[in-house]
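Chemist: Sequence order for the protein chains is A and B.
Just so it is clear: in the first sequence, position 181 is 181 by the numbering used here, and no numbers are missing.
Just so it is clear: in the second sequence, position 145 is 145 by the numbering used here, and no numbers are missing.
Some clues are possibly wrong.
Put simply, identical chains are the same to the list, so a pair is met inside one copy or across any two.
As the list claims (entries may be wrong) - Result set (SDA-like, lysine to any residue): computed pairs, CA atoms no more than 25 Å apart in a straight line:
hint: 1; residue 1: LYS324; residue 2: ASP284
hint: 2; residue 1: LYS127; residue 2: TYR96
hint: 3; residue 1: LYS127; residue 2: GLN2
hint: 4; residue 1: LYS127; residue 2: ALA95
hint: 5; residue 1: LYS127; residue 2: GLY97
hint: 6; residue 1: LYS229; residue 2: ASP315
hint: 7; residue 1: LYS229; residue 2: PHE84
hint: 8; residue 1: LYS328; residue 2: ASP225
hint: 9; residue 1: LYS275; residue 2: ASP302
hint: 10; residue 1: LYS359; residue 2: GLY28
hint: 11; residue 1: LYS328; residue 2: GLU106
None of these hints come from the bench; they were simulated from the model.
Below, each chain spelled out in residue letters.
There are 2 protein chains.
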Amino acid sequence: MQLRIPGPTPCPPEALEAMGRQMMNHRGGEFAPLLRSITERLQRIFQTNGDVLLLTSSGTGGMEAAIVNTLSPGDRVLSITNGFFGERFSDIAVAYGADVTRLSYEWGTPVDPDGVARALREDTAIKAVLMVHNETSTGMANDLERIGTVAREFEKLLLVDAISSLGCVNLPVDDWHCDVVITGSQKGWMVPPGLAMVSVSERAWQAHARARMPRCYWDFSLAMDSYRKGQTPWTPAVSVCYALDTTLDMMLNEGLDNVFLRHARVGQKTRDGIKALGLSLFPDEDYASDTVTAVSGADWLDIPRLIRVLREQYDVIVAGGMGKLSTKILRIGHLGYVCDEDIDLFLEVLEKALPQAKK
Amino acid sequence: MQLRIPGPTPCPPEALEAMGRQMMNHRGGEFAPLLRSITERLQRIFQTNGDVLLLTSSGTGGMEAAIVNTLSPGDRVLSITNGFFGERFSDIAVAYGADVTRLSYEWGTPVDPDGVARALREDTAIKAVLMVHNETSTGMANDLERIGTVAREFEKLLLVDAISSLGCVNLPVDDWHCDVVITGSQKGWMVPPGLAMVSVSERAWQAHARARMPRCYWDFSLAMDSYRKGQTPWTPAVSVCYALDTTLDMMLNEGLDNVFLRHARVGQKTRDGIKALGLSLFPDEDYASDTVTAVSGADWLDIPRLIRVLREQYDVIVAGGMGKLSTKILRIGHLGYVCDEDIDLFLEVLEKALPQAKK
Numbered sequence: 001m002q003l004r005i006p007g008p009t010p011c012p013p014e015a016l017e018a019m020g021r022q023m024m025n026h027r028g029g030e031f032a033p034l035l036r037s038i039t040e041r042l043q044r045i046f047q048t049n050g051d052v053l054l055l056t057s058s059g060t061g062g063m064e065a066a067i068v069n070t071l072s073p074g075d076r077v078l079s080i081t082n083g084f085f086g087e088r089f090s091d092i093a094v095a096y097g098a099d100v101t102r103l104s105y106e107w108g109t110p111v112d113p114d115g116v117a118r119a120l121r122e123d124t125a126i127k128a129v130l131m132v133h134n135e136t137s138t139g140m141a142n143d144l145e146r147i148g149t150v151a152r153e154f155e156k157l158l159l160v161d162a163i164s165s166l167g168c169v170n171l172p173v174d175d176w177h178c179d180v181v182i183t184g185s186q187k188g189w190m191v192p193p194g195l196a197m198v199s200v201s202e203r204a205w206q207a208h209a210r211a212r213m214p215r216c217y218w219d220f221s222l223a224m225d226s227y228r229k230g231q232t233p234w235t236p237a238v239s240v241c242y243a244l245d246t247t248l249d250m251m252l253n254e255g256l257d258n259v260f261l262r263h264a265r266v267g268q269k270t271r272d273g274i275k276a277l278g279l280s281l282f283p284d285e286d287y288a289s290d291t292v293t294a295v296s297g298a299d300w301l302d303i304p305r306l307i308r309v310l311r312e313q314y315d316v317i318v319a320g321g322m323g324k325l326s327t328k329i330l331r332i333g334h335l336g337y338v339c340d341e342d343i344d345l346f347l348e349v350l351e352k353a354l355p356q357a358k359k
Numbered sequence: 001m002q003l004r005i006p007g008p009t010p011c012p013p014e015a016l017e018a019m020g021r022q023m024m025n026h027r028g029g030e031f032a033p034l035l036r037s038i039t040e041r042l043q044r045i046f047q048t049n050g051d052v053l054l055l056t057s058s059g060t061g062g063m064e065a066a067i068v069n070t071l072s073p074g075d076r077v078l079s080i081t082n083g084f085f086g087e088r089f090s091d092i093a094v095a096y097g098a099d100v101t102r103l104s105y106e107w108g109t110p111v112d113p114d115g116v117a118r119a120l121r122e123d124t125a126i127k128a129v130l131m132v133h134n135e136t137s138t139g140m141a142n143d144l145e146r147i148g149t150v151a152r153e154f155e156k157l158l159l160v161d162a163i164s165s166l167g168c169v170n171l172p173v174d175d176w177h178c179d180v181v182i183t184g185s186q187k188g189w190m191v192p193p194g195l196a197m198v199s200v201s202e203r204a205w206q207a208h209a210r211a212r213m214p215r216c217y218w219d220f221s222l223a224m225d226s227y228r229k230g231q232t233p234w235t236p237a238v239s240v241c242y243a244l245d246t247t248l249d250m251m252l253n254e255g256l257d258n259v260f261l262r263h264a265r266v267g268q269k270t271r272d273g274i275k276a277l278g279l280s281l282f283p284d285e286d287y288a289s290d291t292v293t294a295v296s297g298a299d300w301l302d303i304p305r306l307i308r309v310l311r312e313q314y315d316v317i318v319a320g321g322m323g324k325l326s327t328k329i330l331r332i333g334h335l336g337y338v339c340d341e342d343i344d345l346f347l348e349v350l351e352k353a354l355p356q357a358k359k
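Just chain A, with the same shape it has in the complex (with noise of 0.2 Å):
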């Protein structure tokens, strides 16, 4: 089985074999070195001074965590949505009482850097901007550098869903002024999901202090008091920190540039092979992601069809769209544990599968 979906990817043997460890008492002397050990490395990836701390979630739960802790009730929020995670992103700063504006663009199509700081101009209540970094639905990745560059020239908070970009593309947290940065350990992390990683800047522990909307099981407070005794507040997920522990060290081992680079090799031989096949990318292609492919098809394609053609006779995993998209892109992650190979057997699969799956 080739599983190409944006998350859970496929994990390395290491990674399993971690994941396959007895347990241990998580809050015993054994616990807290792990604990240390894979934060002071995530602090390296993530490439940040500040905090990075560990819930045991989905990355859903870790954006929920960004907004709780940040954020008062009625507090003016600008969330940047161009996908189906802005949306989700938007939709759980409401549920929370956030005042939000909500700035859209069409799916798949760039945010202007420009208009955000026009909306931050109009609107100077806003308190904090809440972007995607790497929409997982329509394969595109958004400009954080310019975007974040702009929301510190207006002195707010930004709050990022890196969920499928961290650890894969360079996201450089502390240059790119970024406060609070999740992301899920079943994208590129190259383990299981249940764990969520989420930094925090010190002026996002400034907002938290404020911050009034209520939580228990996401505080901030609450993680990094526990951290301090090496310990999580609540019971972790042991197994997901074992196989961290291996991965982190695979991925410093191969060096950063080198995770960056592979990425960006992969996901350009992905988008090439696309295109040669006579296929169109959904996304603009200056913005194309490096860790998921977004593709919308031609004319003479019945995408749900090519979809389940992959998966019941080439045994090949990819993902449908999402939400209003959902039958008409098909999704190719290529994140994680990813190498050349990988692509070159999908696009020789998938160019087989295509005369299968005419309309």
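Given the structure of chain A, go ahead and fit chain B onto it with the hints provided.
Modeler: Just chain B now, with coordinates in the frame of chain A:
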């Protein structure tokens, strides 16, 4: 290493092997039958015709979910506490704006069902009763059957933390009038942490329809909508699902009554052994838990030293006390993957270690 803490509990080899399986598409056709089959078997063990939902979190996440899904800010709640986890349940309700009255008993002393009835008679505005079935912090089983009868008599919603009892001792959720019952994967279920499992009665769904506490990640409606499609709303802890699929079969093959008898036998053996060594039990013995034994020691015993000796010289891991009992008791877990021989071995080691732990 013998892990004798109240969780994470040791996992059988079959569960660990399952943890090491490769990822699958959690939105694909393979995951749906796995999720449905796990859920149906959980319903049998919960002894409920109601729904059972899987949440990717620790048990505490399940407690938070129970509260935010059934209550509104300002709702009056009676929270019965006689231990650390009762306090935690109350604290979560307070954090979300419930108007909480604590019916507190000394840690380790039983809850008086007549006292519960009195409290409900005196304050007719109370909407819900919160309680812990098995107080992991004190090794005590609260009389859920009688309190459930009282709660139903007064037509109150009953939310129950059964994290360390369900799947180990008899807890017929429907017969005992429980509306939301929470458990966690790393306890009696013999798999690693990462999933909370929560039952939802028809009355709880009615309360949910009116409940206005903010929620997104924990939302029962979103979980139920996804379940109908064979999915979870957010990426689940897939590996823990694989493992739970295995251990649920083990539990049902052993037979629920046999699982309960084994825990009763192992609990009694632990208590008898503790007393035979001249040590005292912490809680009222009539209410001693069959899954966790709390030992208050003896005049001559240095409990923190005993815990250290057991760990360093015998590779046996027990837990200390929680909160205000931190250095005052030790706690022995005997739930999930545990048999008589494990306890025989533990008691032998304990006997050897005691002389090295004198004050």
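Chemist: It remains to establish, for every hint, whether it holds in the given structure.
Modeler: Outcome of the hint check:
1. LYS324 - ASP284: within (18 Å within a copy, 59 Å between copies)
2. LYS127 - TYR96: For LYS127 and TYR96, the Cα distance is within 25 Å both inside one copy (15 Å) and across copies (23 Å).
3. LYS127 - GLN2: Result: close neither inside a copy nor across copies, 44 Å intra and 51 Å inter.
4. LYS127 - ALA95: Both, since 17 Å and 23 Å are each at most 25 Å.
5. LYS127 - GLY97: Cα proximity of LYS127 and GLY97: in one copy and across copies (14 Å, 24 Å).
6. LYS229 - ASP315: between (46 Å within a copy, 22 Å between copies)
7. LYS229 - PHE84: between (38 Å within a copy, 19 Å between copies)
8. LYS328 - ASP225: between (47 Å within a copy, 22 Å between copies)
9. LYS275 - ASP302: within (17 Å within a copy, 72 Å between copies)
10. LYS359 - GLY28: between (60 Å within a copy, 23 Å between copies)
11. LYS328 - GLU106: within (15 Å within a copy, 61 Å between copies)
Violated hint: 3 only; the structure is consistent with all others.
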